[in-house]
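Q: One letter stands for each residue in the lines below.
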Amino acid sequence: MSEREYVPKSKAGKWFNDRLPLLSLGAHLSDYPTPKNLNYWWTFGGILTFCLITQIVTGIVLAMHYVAHADLAFESVEKIMRDVNYGWLIRYIHSNGASMFFLAVYIHIFRSLFFGSFKSPRELIWIIGMLIYILMMAAAFMGYVLPWGQMSFWGATVITNLFSAIPLVGESVVTWLWGGYSVDNPTLTRFFSLHYLIPFLILGLVVLHIWALHIPGNNNPIGIDIKKPSKDTVPFHPYITVKDIFALLMFMIIFAGFVFFSPNVLGHADNYIPANPLVTPAHIVPEWYLLPFYAILRSVPDKLGGVILMFGALFVLIILPWLDTSKVRSAAFRPMYRQFFWIFVVDVLALGYLGAMPAEGVYLFLARVATTYYFLHFIVVLPALGFFEKTDPLPVSISEPVLTGGFNAVPTRSDKIINEKK
Amino acid sequence: MKKNSFIKLLVTILITTFFFGKAYSSSKNLLKIDWSFAGLTGKFERDSLQRGYQVYKEVCSSCHSMKYLSYRNLGQKGGPEFTLEEVKAIAASYDVEDGPNSEGEMYERPGRPSDHFVNPYPNDNAAIAANGGAYPPDMSVLAKARTGGANYIYSILMGYEEKPTGFVLDEGVYYNKYMDGNKIKMMSPLSDNLIEYTDGTNATQAQMAKDVTTFLTWAAEPHLEARHRTGTKVIIYLIILATLVYFSMKKIWSGVNTEK
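Here the protein sequences line up with chains G and B, keeping their order.
Quick note: the first sequence, position 150, residue 150 per our numbering, numbers continuous.
Quick note: the second sequence, position 71, residue 71 per our numbering, numbers continuous.
Source of the hints: derived by calculation from the structure; they are not laboratory data.
Being a predicted model, the structure only gives us computed values, none of them experimental.
Wrong hints could be hidden among the right ones.
[As the list claims (entries may be wrong)] Heads up, simulated SDA-like pairs for lysine to any residue below, C-alpha to C-alpha not over 25 Å straight-line:
hint	chain 1	residue 1	chain 2	residue 2
1	G	K79	B	G255
2	G	K79	B	A203
3	B	K250	G	R82
4	G	K231	B	Y174
5	G	K79	B	K251
6	B	K43	G	R82
7	B	K251	G	R82
8	G	K36	B	S254
9	G	K231	B	N257
10	B	K233	G	I245
11	G	K79	B	S254
12	G	K227	B	K163
13	B	K57	B	T41
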């Protein structure tokens, strides 16, 4: 992979590198040729790495003080908030960090959708990314259960009950998941164990995600293949590192705004009421980042059908590289896809809103429309666009924004698009 | 294209925040007060916290526990900040069950600052039984456990009215404008001059409601002042650092032609 053979200067460095080429790896990461036209939507990979590390570090500290027991969990969280030195800060970073993590991952995913980063030869990067996303949802859901408040308890009850929809073995599976006949202490302790495990699985997948990225290299806003290294690329360090750090600092300002000035706005007030199996909250809603899937789940009158559709919503994402038949990656050159992309964004946001509303009347109707469109987008629109859409001419390279003929060519529409991009 | 898509994104974000805001905000219009602890640099009013504790002690604490608080918290920085002597005196005014002693007997002793607030009932069932079947919620995190927070608590305390004609209420149930379903099992706890403030403040119902709400907000979020202070510093630091990084970035990228 390394563009030039790296030889450590010091003797010790050479000795070490011959046995374990960590220094070569460092040199590769530093030299890694990156398209020079990456915009700020490309900084979210770095931001997500920061989010993962932040969650792991704060989570390890919280686990030192947290007590995973149905009778003590709520109290131990209050102890963290009141008596542990800066416990309030660590917990608020962790709880808001989950929301920030999802905010960043959604931007990252939609960036990939817009610029076609998931397409050949980057399908595996996309699929690994989707696995990370699914694990994130599992980790976040289990993490929300740990404080053992009302929403923790009832959220866990609703979600685990979904598995009872499986024919024949459903009830047994749910009992097995709970470790008993209702959500109780055994459920809490296993959720805690898994909540601690999953982030490290995610970390492993992130390594694969980046490894798979470094084989073809980054996609870029105009979505064309570029020569690497060339005048179209810059070395990762210092060009991309400094830009990533700047974007990360902007992100951290928003993050800090939530942590210090409205740490509970993204949570639900009911989760400050200790879990009570005898009192059901008026509305059981998951955290905001799971709402679109919750809306899809509830839009089907049949339980099994709802569960299948919800998992189907993830499945179409996983097989997306084969659903989108267009050879052109970037939406910048796909006038029709560009419109459908934004319709899809609005559709997902609408699903999120409807997931927070009671599943009745006009909300239920709209949720069904939005769910139908979600699947239409993947199963009909994307495959069809590849055949019907007339794409704009592509430039040959980032530096030469014209289809053919280098600098002497007549400006085309793609020229205009690239100029607007600047 | 980039600018255009950015505007579209901004518009969608604004629309969704509006709808989500509507989705989450309570359907009732709560009474709103200009709380001293709201806002980026909000702080508690020390006098109000001390008066609020007096209201809790003399009125609420006969039914409502605050089991996550200790008497020492009353002297902590950012709280009511009673002096150590006052905290000791407050703690000592309660009898706390301790033990078992060397003979294996439980015994009562005067409270110490390290003791948790004494619970008015031996257990939750006793609390329910003594209150006509309704559990008086623990007040330690109450201000965070209700949508609307401080405004909600204040509204409930001020929301008792004569029931509208035709509205059916059972025995021991009261009409409250801001309660879900307008039915509440707690009778109006505050009335003018119910208590006599030690600092001589006129104990109107509104004054007591405001003070005790301030106290409960502090109880739910005892590090609020430190959080606001630290947050201001953190954000200023991040802005300065981001500015420096921005100019470093401009310098580093100055040699790269990104125009074509």
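Q: For the pair supplied as a hint, B/K233 and G/I245, confirm whether the alpha-carbon distance does not exceed 25 Å.
A: holds (20 Å)
Q: Hinted pair, alpha-carbon criterion (25 Å max): G/K79, B/G255. Please report holds or violated.
A: violated (54 Å)
Q: Does B/K163 sit within 25 Å of G/K227, going by the straight-line distance between their CA atoms?
A: violated (78 Å)
Q: With the threshold set at 25 Å, check whether the alpha-carbon distance from G/K79 to B/A203 stays at or below it.
A: violated (34 Å)
Q: With a cut-off of 25 Å on the C-alpha distance, tell me whether G/K231 and B/N257 pass.
A: Given pair G/K231, B/N257 holds - Cα atoms ~9 Å apart, limit 25 Å.
Q: Is it true that the CA of G/K79 sits at most 25 Å from the CA of B/K251?
A: Violated, at roughly 48 Å.
Q: Holds or violated: B/K251 with G/R82, Cα cutoff 25 Å?
A: violated (46 Å)
Q: Between G/K79 and B/S254, does the CA-CA distance stay at or below 25 Å?
A: This hinted pair is violated, its Cα atoms lying about 51 Å apart.
Q: Between B/K57 and B/T41, does the CA-CA distance stay at or below 25 Å?
A: Roughly 29 Å separates the two Cα atoms, so the pair is violated.
Q: Is G/K36 within 25 Å of B/S254, Cα to Cα?
A: Given that 25 Å is the threshold and the Cα spacing comes to 12 Å, the pair holds.
Q: Starting from G/K231, check that the Cα of B/Y174 is at most 25 Å away, please.
A: Violated. G/K231 to B/Y174 sits at ~77 Å, over the 25 Å cutoff.
Q: Can the restraint linking B/K43 and G/R82 be considered satisfied, given a maximum Cα separation of 25 Å?
A: Since the Cα atoms of B/K43 and G/R82 sit roughly 18 Å apart, the hinted pair holds (cutoff 25 Å).
Hints 1, 2, 3, 4, 5, 7, 11, 12, 13 from the list above are not met by this structure, while the remaining hints are.
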